[in-house]
Amino acid sequence: QVQLVQSATEVTKPGASVKVSCKASGYHFQSYNINWLRQAPGQGLEWLGWIRVSNGNTKYLEHLQDRITLTVDPTTPTTYMELRSLRPDDTAIYFCARTDYADYIDSWGQGTLITVSS
Amino acid sequence: DIRMTQSPSTLSASVGDTVTITCRATQNIHHWLAWHQQRPGKAPKVLIFKASKLETGVPSRFSGSGSGTEFTLTISSLQPDDFASYYCQQYTSYPLTFGGGTQIQIK
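Protein sequence lines, in the order shown, are assigned to chains A and B. Per this note's numbering, residue 1 is the first one in the first sequence, and the count goes up by one each step. Per this note's numbering, residue 1 is the first one in the second sequence, and the count goes up by one each step.
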């Protein structure tokens, strides 16, 4: 079955960078796109960006686009989200999620907690 | 960006009740709406897509309706597993946006 398995919890300091991975299995990787979203403690869901795994094209949330980079390694097959210049309000659970050609989210990763604290 | 508004934000109900959650969009999203369920400490799980289509394996007590700017999620005969948070999400354009969520609590 479709699985998106994310990397483990991280605790990091303000100003640092973090890179979260999302390893896909159980489907034809090139036929879907991967989105990244986050959920701050007790809050709702925020979409951060999208990568078309077939060609590496990306789209980012406007106010994050100078701090976020999505990349893909089709050989493993794994996508990565890097977030730089971290601030305490970046503390959240980060999810990867698969979308099809209609941009419909049909599967989610289990989530990765990123805590930014001095 | 398309803003999604859900109501109510919390709802108290008992096992066996029927509940309805409303979601409104600030512009016409046709039928490009999904509903996700999130249990505490877990990742969301999609229940409904294209406003009214049940994802495979989702019980038939869940139903969705609506088009354009107004949508509803109805859960008939609430079961213990259904006490969770629910989010609507539009996918007619990027950025994908979500409603603020509705938490269903046990009365």
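These aren't lab readings, by the way, just hints derived from the structure by calculation. Because the structure is a prediction, the values reported are computed rather than measured. Note that CB positions come from ideal geometry on N, CA and C, so glycine has one too. It is possible that some hints are incorrect.
To be verified - Using 30 Å as the maximum straight-line C-alpha spacing, the simulated DSBU-like pairs for lysine-lysine come out as follows:
no., chain 1, residue 1, chain 2, residue 2
1, B, K53, A, K19
2, A, K13, B, K42
3, B, K107, B, K45
4, B, K107, A, K59
5, B, K42, B, K53
6, A, K13, A, K59
7, B, K107, A, K13
8, B, K42, B, K107
9, B, K53, A, K59
10, A, K19, A, K59
11, A, K13, B, K50
12, B, K53, B, K107
13, A, K23, B, K45
14, B, K42, A, K19
15, B, K53, A, K13
16, A, K13, A, K23
17, B, K53, A, K23
18, A, K23, B, K107
19, A, K23, A, K59
Unchecked claim - Partial list, computed: chain B residues near chain A (C-beta under 7 Å):
no., residue
20, A43
21, P44
22, V46
23, F49
24, P59
25, F62
26, A84
27, Y91
28, Y94
29, L96
30, F98
31, G101
**Request:** Compare the structure with the hints numbered earlier in the document and write down the numbers of the violated ones, lowest to highest.
**Result:** 1, 4, 7, 11, 15, 18, 24, 25 and 26
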